[in-house]
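If you read the protein sequences in the order shown, they are chains A and U.
Just so you know, we're using our numbering here: the first sequence kicks off at 1 and counts up by one.
Just so you know, we're using our numbering here: the second sequence kicks off at 1 and counts up by one.
Hints in this document: simulated from the structure, not taken from any laboratory.
Check before you lean on any hint, since a few could be wrong.
What the hints assert, rightly or not - Here are a few chain A residues that sit away from chain U, every Cβ distance over 10 Å (derived from the structure): (1) PHE17; (2) TYR54; (3) THR64; (4) CYS66; (5) ALA133; (6) PHE158; (7) PRO162; (8) SER168; (9) ARG174.
As the list claims (entries may be wrong) - A partial selection of chain U residues facing chain A, derived with a Cβ cut-off under 7 Å: (10) ARG36; (11) LEU49; (12) VAL183.
Built from N, CA and C at the ideal position, the CB exists for glycine as well.
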Amino acid sequence: MILATDAIALEAYRKDFETEAIPHMSALYNFAMRLTHDADDSADLVQETYLKAYRFFNKFERGTNCKAWLFRILKNSFINRFRKTSQAPSTVEYDVIEEFYETVRDSSIETSVLDEQLFAQTLDDDISSALDALPEEFRTVVILCDIEGFTYQEAAEFTDCPVGTIRSRLHRARRILAGQLASYAQARGFSIDEDRSN
Amino acid sequence: MAIHSADQLSAYLDGELSEQERAEVESSLAENVSLRREVDLINGVRSTLKTRANRLRIAAPETLEQSIKLALQEVVFQSPSVVPKVSFVQKFVQLVSRPLIAIPTALALALVVTLSVMVVQRGARPNPAFEVSSASYRNYQSVVRGDLTTEIESSDIPTLRKYFRDQGVTYQVFFPQIQAQLVGALVSKEGAKSYAHLVYKAGSHLVYLLEVDETSLADGSVAIDEAVAGDVALSRWHWEEKEGIGTLFVWKSNSIMCSAVSDLPTQEFSALFSLETL
Numbered sequence: 001m002i003l004a005t006d007a008i009a010l011e012a013y014r015k016d017f018e019t020e021a022i023p024h025m026s027a028l029y030n031f032a033m034r035l036t037h038d039a040d041d042s043a044d045l046v047q048e049t050y051l052k053a054y055r056f057f058n059k060f061e062r063g064t065n066c067k068a069w070l071f072r073i074l075k076n077s078f079i080n081r082f083r084k085t086s087q088a089p090s091t092v093e094y095d096v097i098e099e100f101y102e103t104v105r106d107s108s109i110e111t112s113v114l115d116e117q118l119f120a121q122t123l124d125d126d127i128s129s130a131l132d133a134l135p136e137e138f139r140t141v142v143i144l145c146d147i148e149g150f151t152y153q154e155a156a157e158f159t160d161c162p163v164g165t166i167r168s169r170l171h172r173a174r175r176i177l178a179g180q181l182a183s184y185a186q187a188r189g190f191s192i193d194e195d196r197s198n
Numbered sequence: 001m002a003i004h005s006a007d008q009l010s011a012y013l014d015g016e017l018s019e020q021e022r023a024e025v026e027s028s029l030a031e032n033v034s035l036r037r038e039v040d041l042i043n044g045v046r047s048t049l050k051t052r053a054n055r056l057r058i059a060a061p062e063t064l065e066q067s068i069k070l071a072l073q074e075v076v077f078q079s080p081s082v083v084p085k086v087s088f089v090q091k092f093v094q095l096v097s098r099p100l101i102a103i104p105t106a107l108a109l110a111l112v113v114t115l116s117v118m119v120v121q122r123g124a125r126p127n128p129a130f131e132v133s134s135a136s137y138r139n140y141q142s143v144v145r146g147d148l149t150t151e152i153e154s155s156d157i158p159t160l161r162k163y164f165r166d167q168g169v170t171y172q173v174f175f176p177q178i179q180a181q182l183v184g185a186l187v188s189k190e191g192a193k194s195y196a197h198l199v200y201k202a203g204s205h206l207v208y209l210l211e212v213d214e215t216s217l218a219d220g221s222v223a224i225d226e227a228v229a230g231d232v233a234l235s236r237w238h239w240e241e242k243e244g245i246g247t248l249f250v251w252k253s254n255s256i257m258c259s260a261v262s263d264l265p266t267q268e269f270s271a272l273f274s275l276e277t278l
């Protein structure tokens, strides 16, 4: 039998946890979807993340970044669950990413002068597709820093990379996205030439 | 002064450069038109992503939050890692639950009880009446210490009513409107009668409530001290604070006398109750 005082402490613990952690659910689910591309797997991953986090919440240092902590748990759960069974795409080698970046840069960026109006007309679906088309390492950094508001340091801790690598990947990812969005805009009939600023 | 790499442009926009690096980038931007275009381009993508962050997130299923909360509730009573510590009473209960220990323990207890009854019968002296306010303070402290535990963990009133009936409580237990979570209940036997006890939690505070019926007051099974009796006779609420323990609140609701204790001061404790409904 659980003692009344224990029950009360546990109930308070659960409430604290919910207040602190539940607001980050949509960010976690989005990240899980970008990793797994499967709704059921993502829901399972997020739930597993919360149950693990709950068990270690007493070790979580209040006042630190709860969202970054939850993301780390989710990433580890993802690696344990999917990487072990090779259900998820394998890690892209860095030289492959470099090659991808160079190709995209040569083909699109040099011809485009994109202004705010062009980006403003870009559809959410196009941005989502462009994000999904990024190599995983690049996509992760963009989601962490641009969508979820992580600092470079937090993203570096999350990915176990030096801050310089985060800086480099983020810049390259943004450039790739710019090129991709320009090509979507062209395909939708938005003339880039008309928007050349000089 | 030239910047070292294009990567610095993103870091510049994100405020992630050192003072010196920032100065270098700004100096380069002042001189270089194509670099300014590059910054505009990167900033366009960056701003678009940041301003549309909520829209770009793939929406979670509506049921996900609820299923996570339910899963947490199931875990809450199973998770030994989050229980602060196992009390002596709990350890003792776990120990005597083992058959090899339980049987000799039961035999020894039976012997002790038999001997005790014989001694009491020889002495033939009635136990002093069970006094409401001192019992309330004492029980509150026992619950806080974990010496007294709830026998049922539920906030469901019909379930608790059935539990009280099954445990021999003969009166209709009153559930006050209170801004606190009902955690559970227990029943004690005083002489031939059974009495209901409720435990609530209000934030990090615990509220203990003892209820006794009018009949027990009338026939002397239960006693109340003079101060409480004076207020109750005048249909007034009785509040008192006891140094080192907390606040006692006694009131009568129809034929039931309720006695609640918490470590909250009077003003905060009274704020938990919908006094007009008592």
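Hints violated by the structure (numbers, ascending): 1, 2, 8, 9 and 10
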